[in-house]
Structures are given as structure tokens and as C-alpha cells.
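When you get a sec, could you build the whole thing from the sequences and use the hints?
Per the numbering used here, numbering of the sequence shown is gapless, rising by one per residue and ending at 222.
Don't take every hint at face value.
Said to hold, decoys possible - In silico SDA-like cross-links for lysine to any residue, where the CA-CA straight-line distance does not exceed 20 Å:
id, residue 1, residue 2
1, 91, 165
2, 91, 167
3, 91, 163
4, 91, 162
5, 91, 141
6, 91, 168
7, 91, 109
8, 91, 111
9, 91, 171
10, 91, 120
Worth flagging that the hints you see were computed from the coordinates, not collected in a lab.
The structure displayed is predicted, hence computed values, not measured ones.
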Amino acid sequence: MLGWGALGFAVIAAGMLWAVFDSFQTPEVTTDMVSTTDPSMQNASDVSRRFADNLPARVQQAVSGWNQLISANFAGDQACAECHEKEYQAHLRSGHSRTLTRIHDSPLASKLAEMRHYQDPRREQVFEFSQREDQFFVSDTANATGVAVPVTWLLGSGIHAQTPIAVDEATQSGVELRWSYYGSRDQVGMTPDHERFDDFAQGTIECFGRPMDTADIRACLGCHSTLTPPPSLPINEFVSGR
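Structure (C-alpha cells):
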């Protein structure tokens, strides 16, 4: 069981790529549009809390009820260890315990930050990596000037591969990044099936990978976790999942 209550539902800083693009329907990016925003100056949890606090009252009430339901019915991984220590330790050693991880909490984040960049093998494109406080960023200075995408989740345990995604709480949309980490080779390579996206429009979210709508994101998170919030509730750090 993956404890999302412990992990927290990942967040990203507002006013970055998502404010730049305004939505995936507004593709053009200009330096003027991002010049007043410094994503490294914003605390991710604070941004997520503001988003949650500004939800309509009826949604906040539904979130509260949902969180209480999760708290009452899921004891968490550690509770299992009290009576089943061997099984608990075996679970920790398996890939099933790490199918969904916040990237800035992972060893991979530091490794990528030290690596600093990745040359796309099929595009004339270089992705640059950076890590600041509780956030990990990827940028493409040639095709999306001034934009740093805050990466949210790693999908997969890393035994075979881990693919990063970025989720925007404000629009409940995101992007599957074009690069993934392959544990068997201990190297970064292109995300599977992204050969289909070799052609992309400069200055759009396509620079970074495959655009994802709400259904796409929930499908990915749903397969890599035990339980996700229902569609009526937002993807947010303060909305519990398992």
C-alpha cells in the first residue's frame, strides 16, 4: 500500500509554466510573460494550501469528508509492521512500495541535478535540470525561454524505469516528460512511446513532452497507487489518497 497521506499529494509552484501558457489552449510563450515570476521564490506547499483554501465551500466540505474517510479506513504501511515485520520489510524491498514518489523526495532528483542536462536523442533539444528547496525543475532555454517546469511525480519504482510527470493544480492538467530514468542501465533516456512526439511546436507545453488532461493524469496516478480522490475532488496535496 502506498501511503499518499505520508507522501502528500505533490504540488507545483503557481505562476510558472502554467501561468505562462494560461492553459494548453494558449501556446505562445514570451519572456515578458514570465519576467515577473521566479518559481524558486515560492514554497510549493504554500501554493497548494492557497489553492485548497480558495475552493468553493461545498468542495472544501467534500474534501474534509473524503479525508476523514481515508483516515478512518487506512492505517498506513507502518501499522502493518507491528504484527507483520517480515512482510513489511519484504514489501519495502519490492518495487510495489515505490510505484509513486514525489521527485524531490527521491534519490533521482539529486542525481539529475548533478547531471545538469540531458540531450534529447531525436530532437535538437537539451533539457536542463535544477533543484531548489522542495522542488525539482526542468527547463529548455532554446525552445521555451524563461520557463522552468516544476516536476511533480515519478511513476514507477526505478527497478526498471521511472517516468516523471508535472501536474498543475490550477488547471488539473499536466505533462508527461519526454525523458525517463532507466534503473537497469542507470541512465536517462527517452520516455517510451515518445517517438510519436518528435515534432513539436516551440513555445508550447509540447517542448517538454506529452500534454496530459485531467483524465490522463488520474489514469496514471490511479494505476500507480491504491486509491485516488474521486473526479469530483481536485488533485491537491491536501486531498488524501493511498
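Sort out whether residue 109 lies within 20 Å of residue 91, counting only the CA atoms. 10 Å, holds
Taken at face value, is the distance from the CA of residue 111 to the CA of residue 91 at most 20 Å? 10 Å, holds
Below or equal to 20 Å on CA atoms is what counts here, so check residue 91 against residue 163. 12 Å, holds
Between the alpha carbons of residue 91 and residue 165, is the straight-line distance 20 Å or under? 14 Å, holds
Going straight from one Cα to the other, do residue 91 and residue 171 come out at no more than 20 Å? The hint holds at about 18 Å.
Proposed proximity, residue 141 with residue 91 (alpha carbon, max 20 Å): 15 Å, holds
Assess, step by step, whether the Cα of residue 91 is no farther than 20 Å from the Cα of residue 120, and give holds or violated. 19 Å, holds
Are the Cα positions of residue 91 and residue 162 separated by 20 Å at most? 13 Å, holds
Can you confirm whether the C-alpha distance between residue 91 and residue 167 stays at or below 20 Å? OK: residue 91 and residue 167 at ~10 Å, within 20 Å.
Quickly compare the C-alpha distance for residue 91 and residue 168 to 20 Å and report which way the hint goes. Roughly 10 Å between the alpha carbons, so the hint for residue 91 and residue 168 holds.
The structure meets every hint from the earlier list without exception.
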